[in-house]
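Asker: Sequence:
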Amino acid sequence: MSGAALGLEIVFVFFLALFLLHRYGDFKKQHRLVIIATLLAWYLCFLIVFILPLDVSTTIYNRCKLAVNSSPAESNGSYVTLAPSKQKCFKPWSYIPDGIMPIFWRVVYWTSQFLTWILLPFMQSYARSGGFSITGKIKTALIENAIYYGTYLLIFGAFLIYVAVNPNFNLQWNQLQTIGIAAANTWGLFLLVLLLGYGLVEIPRSHWNGAKRGYLLMKTYFKAAKLMTEKADAEENLEDIMEEVRKVSESIKYNHPLRKCVDTILKKCPTEYQERMGRNMDDYEDFDERQNSYPSEKSLAKLHKQVIYSVQRHRRTQVQWQILLEQAFYLEDVAKNESSATRQFVHTFHSQEPENKIIQYFYTPTVEWYWECLLRPWFYRVLAVVLATFSVIVVWSECTFFSTKPVLSLFAVFIQLAEKTYNYIYIEMACFLTIFFLSICVYSTVFRIRVFNYYYLASHHQTDAYSLLFSGMLFCRLTPPLCLNFLGLTHMDATISHKNTQPTAYTSIMGSMRVLSFVADGFYIYYPMLVVILCIATYFSLGTRCLNLLGFQQFMGDSEMTSDLIDEGKELIRREKRKRQRQEEGENRRREWKERYGNRDDSTRSRAVHTDQKESSFSETNASRSLSKYTRSNGRTERDRIELLQDAEPLDFNADSVNDDPLESDSGR
Numbered sequence: 001m002s003g004a005a006l007g008l009e010i011v012f013v014f015f016l017a018l019f020l021l022h023r024y025g026d027f028k029k030q031h032r033l034v035i036i037a038t039l040l041a042w043y044l045c046f047l048i049v050f051i052l053p054l055d056v057s058t059t060i061y062n063r064c065k066l067a068v069n070s071s072p073a074e075s076n077g078s079y080v081t082l083a084p085s086k087q088k089c090f091k092p093w094s095y096i097p098d099g100i101m102p103i104f105w106r107v108v109y110w111t112s113q114f115l116t117w118i119l120l121p122f123m124q125s126y127a128r129s130g131g132f133s134i135t136g137k138i139k140t141a142l143i144e145n146a147i148y149y150g151t152y153l154l155i156f157g158a159f160l161i162y163v164a165v166n167p168n169f170n171l172q173w174n175q176l177q178t179i180g181i182a183a184a185n186t187w188g189l190f191l192l193v194l195l196l197g198y199g200l201v202e203i204p205r206s207h208w209n210g211a212k213r214g215y216l217l218m219k220t221y222f223k224a225a226k227l228m229t230e231k232a233d234a235e236e237n238l239e240d241i242m243e244e245v246r247k248v249s250e251s252i253k254y255n256h257p258l259r260k261c262v263d264t265i266l267k268k269c270p271t272e273y274q275e276r277m278g279r280n281m282d283d284y285e286d287f288d289e290r291q292n293s294y295p296s297e298k299s300l301a302k303l304h305k306q307v308i309y310s311v312q313r314h315r316r317t318q319v320q321w322q323i324l325l326e327q328a329f330y331l332e333d334v335a336k337n338e339s340s341a342t343r344q345f346v347h348t349f350h351s352q353e354p355e356n357k358i359i360q361y362f363y364t365p366t367v368e369w370y371w372e373c374l375l376r377p378w379f380y381r382v383l384a385v386v387l388a389t390f391s392v393i394v395v396w397s398e399c400t401f402f403s404t405k406p407v408l409s410l411f412a413v414f415i416q417l418a419e420k421t422y423n424y425i426y427i428e429m430a431c432f433l434t435i436f437f438l439s440i441c442v443y444s445t446v447f448r449i450r451v452f453n454y455y456y457l458a459s460h461h462q463t464d465a466y467s468l469l470f471s472g473m474l475f476c477r478l479t480p481p482l483c484l485n486f487l488g489l490t491h492m493d494a495t496i497s498h499k500n501t502q503p504t505a506y507t508s509i510m511g512s513m514r515v516l517s518f519v520a521d522g523f524y525i526y527y528p529m530l531v532v533i534l535c536i537a538t539y540f541s542l543g544t545r546c547l548n549l550l551g552f553q554q555f556m557g558d559s560e561m562t563s564d565l566i567d568e569g570k571e572l573i574r575r576e577k578r579k580r581q582r583q584e585e586g587e588n589r590r591r592e593w594k595e596r597y598g599n600r601d602d603s604t605r606s607r608a609v610h611t612d613q614k615e616s617s618f619s620e621t622n623a624s625r626s627l628s629k630y631t632r633s634n635g636r637t638e639r640d641r642i643e644l645l646q647d648a649e650p651l652d653f654n655a656d657s658v659n660d661d662p663l664e665s666d667s668g669r
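Residues 1 to 669 (UniProt numbering) are what the sequence shown spells out, left to right.
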């Protein structure tokens, strides 16, 4: 079992990262290198979080062995027994042999740093480039990253000059490596505290509000109004870009040198626009070299970039609109079914996707009613209380983890109590829950944050390549300082505990932060206290209020603009609901017609054939009359079919004229 736990977690984390990437990315349409680079970045970061508790338990066992080896002892199988006190150092079930963890952490850490500082920024610029060749895209990426790389070289040079000028330091390779790690961790810790302060408050509050059906419905209406505006803007932007593509396609003919670039742009356009442009283009007309109105290759590359962005944005808003409609219909169904006397959940619309038969067997309408209307709100409230308790413990420990006598950090107290009894399962579970909760608070903020339309992680395969690569960069920069912060909270870091004990393998890779004393004794200890101020600001929604004052529409219960958007979204959802109801009614009419008139046609034909065979001895005149009679019958059936289809789909319909009062509707007819 020594390496089994490590192997199982490596495999499990890989499939976890693959599942999340499949939810946000699109394996079919996006480039393979983008998928592989993002998957590798996510996988390495998640792997650090899951493997670190095993490193902690292995380190505690190694400390016990060192204490035993320094005194008279006798070995006995899987544990060591102290002669005087009869103390036993049990080997943990997930023990990792010596020499494996340092190599593992070194490969994982430096690979993630190479991704976040060199490869992923370059691939970001390459993915957004509008070049038509690999060489052109690489050239554009290098130019865009020149300032990016120069800034980091300047920061590293400042640290290097500080160490070189200070006479107390002898510049060596290990110290130079530690300076680079300290610079990267300082940047990561600065961003980590900002995201952590938001997540510690917003995650419990979102689960608490998830138990309020009315709150969720109002927020969904608000999102519908905002998304409709964004959807209309995306459609208008796409129309403008397609108009420019049409003009370029008409001006650059088939024998122009830049026609290949135009064809590349046309392939990225939606199908309906490609067909429209293909019908209006005359490829037999030659171009005139004397004209100077042709666009350059640089302008075509810019247009290519705009086409990729506008098509991706248009597709994303369309998918998000359909998902939001399903969510709004579901919340309205829950509100209606709460007062149901039959205690069976009734859906307004049937699910468009086929449901699993096993789920249908166990998840009956009665079970669904009890879960959605009774149990789920209470489950969310209990979960919110548990998460809020964890948040309070984290905030308290962040403010007191530097105190070693007495030990005030609650996480350090829990680990030290378990260390005295060598309860490795409890140690690993406590470490895993702690770092998992910290990771959820930080990573969920990364998934929720949106920087205009440049960075946005959208589910259901709607995230573009730039946002996927940017998320991989953030994960690789946030995870190492997150793990160091966790080790400081549990006093497993010798820099915090001030004990001359064996460090964890992860800390040994980071090196001694004593090279930069103002970072180790100042920034790493006192900066995390800022999380208290950030939690207070998040609790009172100061950031939301500031954005609302600046003109960015935010969901606020006491705002007049919010009320207007809620009313607008409610009307939009109602229109879409009527539209879908009319579609289902039309499908039901067609189904009824097939069941009624389709069978009648079949029986009429069968009777005609039977009569022809039975009366074959009749004269030709009688046979012709019989056939003409059935022909008229079939013709009448065809006329009935045409009239019914015309009645099923009205030619003109005004949604505003619909009235729910049956008396008024009868009088109108």
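What the hints contain is simulated information worked out from the structure, not anything from laboratory work. Any given hint could turn out to be false.
As the list claims (entries may be wrong) - Distance condition first, Cα-Cα at most 27 Å in a straight line; then the derived DSS-like pairs of lysine-lysine:
1) 28 / 260
2) 212 / 223
3) 29 / 139
4) 357 / 212
5) 570 / 219
6) 357 / 336
7) 28 / 336
8) 137 / 405
Remember, predicted model here, so these are calculated numbers, not experimental data.
Asker: Confirm or reject each hint.
Answerer: Hint by hint, here is what the structure shows:
1. 28 / 260: holds (24 Å)
2. 212 / 223: holds (17 Å)
3. 29 / 139: Given that 27 Å is the threshold and the Cα spacing comes to 24 Å, the pair holds.
4. 357 / 212: violated (31 Å)
5. 570 / 219: Holds, at about 10 Å.
6. 357 / 336: holds (26 Å)
7. 28 / 336: violated (40 Å)
8. 137 / 405: It is violated: about 58 Å lies between the C-alpha atoms, which goes past 27 Å.
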